[in-house]
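Asks: Listed here are the chains, written in short residue letters.
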Amino acid sequence: MTEINLTIEQKKFPKSSQPQAENIIADLNLNIHSGEFVCLIGPSGCGKTTLLNLVAGLDENYQGTIAFGAPRNDCRIGYVFQNPRLLPWRTVRENIELVLPHDTSGHTVDELLASMKLTAVQDTYPQRLSLGMSRRVALVRAFAINPDILLMDEPFVSLDAPTARKIRKQLITLWDQQQHTVLFVTHDLREAITLADRLIFLSSSPMTIVRDVKVTVPRAQRFNENQIEQFKNQLLSQYPDIHHLL
Amino acid sequence: MISTANPQRARYLAGLSLFVFILLWHGIASWLATPVLPDPIKVAEVLWSETHNGDLLHHLGMTLFRLTISFIIAMILGSALGILLGRTPTIDHFFDNWLIIFLNIPALVTIILCYVWFGLSEVAAILAVVVNKLPNVIVTLREGAKSLDKDLLEMAQSYRLSRKKILTQVIWPQLHPYFMAAARSGIALIWKIVLVVELLGRSDGMGFQLHLFFQLFDVASILAYTIAFITVIQVIEISVLKPLDHYGRRWQR
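Protein sequence lines correspond, in order, to chains H and B. For the first sequence, the working numbering assigns the number 2 to the initial residue and increments by one for each residue that follows. For the second sequence, the working numbering assigns the number 10 to the initial residue and increments by one for each residue that follows.
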């Protein structure tokens with residue numbers, strides 16, 4: 002785990018050198034504590050995925066700095082993309098083993114697979130899995146490297162509600178054990194309240210922080226629907242400006 | 010449409026069609042009764058005696074040797090260059106015209122030029138074949154390298170996979186179908202060119218023998234050699250290329 006200090010003055014898309022490039026992120030400052038679970042909430046297409054890509058180091062074409070508590074090369078980053086991005090020519094287990102550092106034992110993978118109920122399909126090729134299963138494999142892959150930073154880009158979108166609820170619980174259990182710093186993108190406010198320590202509301206074009214709110218619902222109450230609903234209503238009445246971001 | 014679900018029936022049909030082909034050939038040959046179209050029995054006799062005295066095996070061996078060497082060189086070099094061009098737009102734009110030129114030079118021209126410039130040697134012969142096949146491999150692999158899945162490459166990058174892992178586990182499996190396409194069309198193209206190369210400037214191999222039989226008007230021997238060669242190429246296709254292709258697709262639904 003590590004902290005993240007993020008200052009993005011400007012990020013243009015497609016490329017800053019091109020004349021039609023549009024400013025998609027501007028003046029975004031964000032400090033995330035080590036081990037903190039932060040949800041980014043904003044309208045779709047506002048640049049949340051771009052932000053995660055910047056943190057992951059996939060895109061270096063921006064003005065600003067992104068610093069971790071440790072040198073970048075010492076930080077392990079687990080990234081759960083919006084689509085599972087598994088290699089179709091490797092089995093579930095081989096997909097996970099591909100990204101593992103050499104010092105990881107097979108035991109870790111066994112445990113993770115079991116916790117996500119994937120043990121039975123570990124030797125199956127991804128194309129034979131349902132989307133829900135593929136998403137779970139992608140989660141196991143991200144957890145298996147024991148990341149310092151976990152980036153999650155709407156990982157539960159298009160899952161049916163019971164499955165999503167189950168996986169959210171598993172996610173929190175694993176996060177409790179490993180205490181990674183989590184950046185979680187969603188546009189589902191209830192999901193965000195269920196999971197996060199802190200909610201960051203983002204506006205679109207250019208993306209910048211509108212509100213930064215701590216979730217005060219105790220962890221033990223997080224899977225109590227009424228508590229979540231109550232906190233959500235309280236948020237919406239307290240900050241009417243976040244309405245149009247949802 | 011006739012169902013091909015029954016493999017036994019499919020095999021029976023394949024055998025039957027071959028039998029009908031030979032029967033037809035025999036019928037036409039006996040009806041015409043001309044020395045320029047020998048019947049299948051005569052050809053089989055020549056095939057047997059040529060195999061027995063070792064001539065056929067020697068020449069077939071030489072041709073296969075040239076085919077293998079030039080195939081390997083063309084595939085390795087062509088894949089490397091194809092991937093390079095597919096991944097680097099600047100180099101690709103620069104060399105695009107060169108590729109078009111090389112793709113359109115008639116095989117005969119490269120063969121003649123290679124012999125004129127480098128002499129009637131084994132190296133010139135193999136070079137001529139490689140130059141003929143290379144642009145084809147480059148173009149096919151370039152298309153593959155251009156259509157690599159960006160999502161998977163990003164995944165590999167964010168999980169900091171080593172260059173070796175990225176190449177062998179992420180990139181290569183995506184190029185495999187393109188490589189197989191290049192290999193299959195490659196063998197079909199190369200063996201035809203090898204024969205011309207041998208005909209023009211070598212003193213052994215299938216091409217040389219066919220040239221000899223042509224001068225003697227020995228059609229039975231020409232057909233016997235052709236049958237032997239087609240058989241060998243089919244064996245390579247069935248025993249090497251098909252299993253490789255199958256292995257590459259094992260993960261597909």
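No lab work stands behind these hints: they were computed from the structure. Do not rely on the hints blindly, as some may be mistaken.
What the hints assert, rightly or not - A few chain B residues facing chain H, derived, Cβ under 7 Å:
1. 54
2. 57
3. 167
4. 168
5. 171
6. 173
7. 178
8. 182
9. 205
Don't be surprised by glycine CBs; every beta carbon is placed ideally from N, CA and C.
Asks: So, for every hint listed, does it hold in this structure?
Replies: Cross-check of the supplied hints:
The criterion of a C-beta within 7 Å of any C-beta in chain H is not met by residue 54 of chain B, whose closest approach is roughly 50 Å, and the hint is violated. About 46 Å separates the beta-carbon of residue 57 of chain B from the nearest beta-carbon of chain H, more than 7 Å, and the hint is not met. Residue-level restraint check for residue 167 of chain B holds (minimum Cβ-Cβ distance to chain H is 4 Å; threshold 7 Å). A hinted interface residue such as residue 168 of chain B counts as satisfied when its beta carbon comes closer than 7 Å to some beta carbon of chain H; here the least separation is about 4 Å, so the hint holds.
About 10 Å separates the beta-carbon of residue 171 of chain B from the nearest beta-carbon of chain H, more than 7 Å, and the hint is not met. For residue 173 of chain B, the suggested interface contact is broken, since its CB lies about 12 Å from the closest CB of chain H, more than 7 Å. At its closest, the beta carbon of residue 178 of chain B sits 6 Å from a beta carbon of chain H; the interface hint therefore holds under the 7 Å criterion. Using the Cβ-Cβ criterion of 7 Å, the hint placing residue 182 of chain B at the interface with chain H is satisfied: the shortest such distance is roughly 4 Å.
Contact between residue 205 of chain B and chain H, as hinted, is not supported at the beta carbon level, the nearest pair being about 39 Å apart and thus beyond 7 Å.
Going through the hint list in order, the structure does not satisfy hints 1, 2, 5, 6 and 9.
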